[in-house]
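Student: Those protein sequence lines, which keep their order, are chains P and D. Counting from 1 along the first sequence, just add 17 to a position and that's the residue number in the numbering used here. Counting from 1 along the second sequence, just add 17 to a position and that's the residue number in the numbering used here.
It is worth saying that the hints were derived from the structure and are not from the lab. Take these hints with a grain of salt, some might be off.
Since the list can't tell identical chains apart, any single copy or any two copies may satisfy a pair.
[Claimed, not checked] Computed list of lysine to aspartate or glutamate pairs in EDC-like fashion (alpha-carbon distance at most 16 angstroms, straight line):
{"id": "1", "residue 1": "K119", "residue 2": "D137"}
{"id": "2", "residue 1": "K293", "residue 2": "E358"}
{"id": "3", "residue 1": "K297", "residue 2": "D98"}
{"id": "4", "residue 1": "K114", "residue 2": "E223"}
Computed from a prediction, not measured in an experiment: that's the story for all the values here.
Next come the chains, spelled out residue by residue.
Protein chains: 2
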Amino acid sequence: MHSRRQRLAEALDRAGAQAFLSQSRSNQLYFLDHPDPSTVISRGSAPAILFSAEKTVVFPGIWISNACRDMLPNCEVIPCDLGDPPPMEQLEAYLKKAGLKKLLSDQLQPQIPGTEIVVDDVGALLRRTKDERDLAFMREAARIADLGIRTAFKAVRPGLTTLEVTAEGTAAMLKAGAEYAVMNPAVGIGTYYLDSGENPRRVIREGDMLFIDMACYVHGYLGDMTRAAIIGEGTPQQRDLLATVHQAYRAASQAMVPGAEGRRIYQGVVDTYAAKGWAKYFVHHLSHGLGLGADRPGINRESGDVLQAGDALSCEPGVYVPGIGGARVENMIYVSASGPEELTRCPIVPELGL
Amino acid sequence: MHSRRQRLAEALDRAGAQAFLSQSRSNQLYFLDHPDPSTVISRGSAPAILFSAEKTVVFPGIWISNACRDMLPNCEVIPCDLGDPPPMEQLEAYLKKAGLKKLLSDQLQPQIPGTEIVVDDVGALLRRTKDERDLAFMREAARIADLGIRTAFKAVRPGLTTLEVTAEGTAAMLKAGAEYAVMNPAVGIGTYYLDSGENPRRVIREGDMLFIDMACYVHGYLGDMTRAAIIGEGTPQQRDLLATVHQAYRAASQAMVPGAEGRRIYQGVVDTYAAKGWAKYFVHHLSHGLGLGADRPGINRESGDVLQAGDALSCEPGVYVPGIGGARVENMIYVSASGPEELTRCPIVPELGL
Numbered sequence: 018m019h020s021r022r023q024r025l026a027e028a029l030d031r032a033g034a035q036a037f038l039s040q041s042r043s044n045q046l047y048f049l050d051h052p053d054p055s056t057v058i059s060r061g062s063a064p065a066i067l068f069s070a071e072k073t074v075v076f077p078g079i080w081i082s083n084a085c086r087d088m089l090p091n092c093e094v095i096p097c098d099l100g101d102p103p104p105m106e107q108l109e110a111y112l113k114k115a116g117l118k119k120l121l122s123d124q125l126q127p128q129i130p131g132t133e134i135v136v137d138d139v140g141a142l143l144r145r146t147k148d149e150r151d152l153a154f155m156r157e158a159a160r161i162a163d164l165g166i167r168t169a170f171k172a173v174r175p176g177l178t179t180l181e182v183t184a185e186g187t188a189a190m191l192k193a194g195a196e197y198a199v200m201n202p203a204v205g206i207g208t209y210y211l212d213s214g215e216n217p218r219r220v221i222r223e224g225d226m227l228f229i230d231m232a233c234y235v236h237g238y239l240g241d242m243t244r245a246a247i248i249g250e251g252t253p254q255q256r257d258l259l260a261t262v263h264q265a266y267r268a269a270s271q272a273m274v275p276g277a278e279g280r281r282i283y284q285g286v287v288d289t290y291a292a293k294g295w296a297k298y299f300v301h302h303l304s305h306g307l308g309l310g311a312d313r314p315g316i317n318r319e320s321g322d323v324l325q326a327g328d329a330l331s332c333e334p335g336v337y338v339p340g341i342g343g344a345r346v347e348n349m350i351y352v353s354a355s356g357p358e359e360l361t362r363c364p365i366v367p368e369l370g371l
Numbered sequence: 018m019h020s021r022r023q024r025l026a027e028a029l030d031r032a033g034a035q036a037f038l039s040q041s042r043s044n045q046l047y048f049l050d051h052p053d054p055s056t057v058i059s060r061g062s063a064p065a066i067l068f069s070a071e072k073t074v075v076f077p078g079i080w081i082s083n084a085c086r087d088m089l090p091n092c093e094v095i096p097c098d099l100g101d102p103p104p105m106e107q108l109e110a111y112l113k114k115a116g117l118k119k120l121l122s123d124q125l126q127p128q129i130p131g132t133e134i135v136v137d138d139v140g141a142l143l144r145r146t147k148d149e150r151d152l153a154f155m156r157e158a159a160r161i162a163d164l165g166i167r168t169a170f171k172a173v174r175p176g177l178t179t180l181e182v183t184a185e186g187t188a189a190m191l192k193a194g195a196e197y198a199v200m201n202p203a204v205g206i207g208t209y210y211l212d213s214g215e216n217p218r219r220v221i222r223e224g225d226m227l228f229i230d231m232a233c234y235v236h237g238y239l240g241d242m243t244r245a246a247i248i249g250e251g252t253p254q255q256r257d258l259l260a261t262v263h264q265a266y267r268a269a270s271q272a273m274v275p276g277a278e279g280r281r282i283y284q285g286v287v288d289t290y291a292a293k294g295w296a297k298y299f300v301h302h303l304s305h306g307l308g309l310g311a312d313r314p315g316i317n318r319e320s321g322d323v324l325q326a327g328d329a330l331s332c333e334p335g336v337y338v339p340g341i342g343g344a345r346v347e348n349m350i351y352v353s354a355s356g357p358e359e360l361t362r363c364p365i366v367p368e369l370g371l
């Protein structure tokens, strides 16, 4: 049994449960016994997978039934062809036959007579501390994200649209092996819009502040980063804003050590911006977890986890000031026992192709 | 008042309601008074917009507050800065002050004292029949999707991965002005996997059956199509399978006339495949609606709308036969009064760059 499954078996034992019922893609990819489960469950998730110490039972649904049957030789796959009962009915029948009394589950379940199902996402808990396999895939995701950002910023020149620029970065990431890649640009002189107000067909002009936030998935793992730049010299206020974001990033990322309290790191960023009178313009989270999805730890205004060795998270301070502009820098950070390691290797000042 | 809002006002009148409360992006983009609302609400949706005969009130939430304030001069925008009450609280206060007694809403709402809120998505109903503006944007989305598919298939050659091929198509769509583009390839000799079992890093080989399904968004409108091909000569069974899918597509698309019953069109496809013994391998829908999202009409195994002049929908028969392979063809169809018009112009047999 590989060690992820070993740790799951121990968690089930402690809870007095016989199996873990998973409907979340993150947990399914994490626990499946396959060299690259993201090529089996390429999108979405299997309707249900039952992981116990002894075996794995997959209820694949009609769209992925053939693939699971052929590609998961170490699992019991309950086929679902046209006309068969839906997977959740098959699950219910299976549980009755197998006599499983208690399950943990990563999703709220309808009641199934004879089986107690407790919502307890032990998968998310176990996934928090990254193992060697996680790290290898995350480094690859970070490398490909780096390539995308470098390629996009090298393509920047006044007269092109942000779509033309991000097309280059997206293509580079797909060619390098990302199964999915999307770039969310925000561009404009005096850009202080976040999730809105972006016309990606607008032409880039001298004096713009440009930031590109990007995400890709590589073997199911998120690659995610952001870089910001001024097109040309910019104004003194724009240069000050960009330098302040860089300063906030450096301080926050260096504080990401085991035992650090997230809320203190967040407050440090607030203080940096407050010194410029911009505290009210830092409106979003500082960190989300990294990995296969829905990952801990997170750091935002309302809550901040205490960091542990083995955590992986983004660090992305950004500030968006009406009349000046907006900027964000985001790197992927691994919290090792000896301190923060930047999985993102691209310099925080991107090279423009001007 | 533009005619979409005129029709909405009439629908509200008939229901005895004073306003339409919208949380769905599709409806927000449809009714907002702006030349291209997709550049204002670039992603996601505003937490709430209230459309009445007299005016539009936008409750934007903190991330998009500045953009809405600056870019929607014809709307009342309730600003949301850091520390302000959340948008739904502001909505409640607004409703109380304005004395609105009855609203229709496109989403289930928490109770708000003093206002009756009826879940009735009149927006989806009105959006079904396409107007000139819809058609112009949909033709543009179809044109860009065409370009993506042509570019990708021209890049196909044995020895490349599907990622390398779809990267070319994706980049072409972004450069041509799609704000978002994603290609979902499925490749493999004997491919009969649908939403699973795709390793996009697998190298394309002589004898493979390849299909590429693709989606892009252009000014908020979906562009969507699929093409299939055999790499090289293929086997007689593979050629028969591909020809049968083409035949099923032609018959189904030509049947998409006003008054046609969706379930009969669906049955026609089932019969075509049944004649080959493949009925059980046609497992998905035939059609989804097209437009700004969550569009009617749809045609699937369980239900089929009766088609009306002004409808727009996909036509995408596909069949995935163990031991032979899988193929799907998908075009965008506009149901005009005089019959089906293919918005997709790319030939159903794509040109390969072999």
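Student: Which numbered hints does this structure break?
Tutor: Failing hints, ascending: 2, 4.
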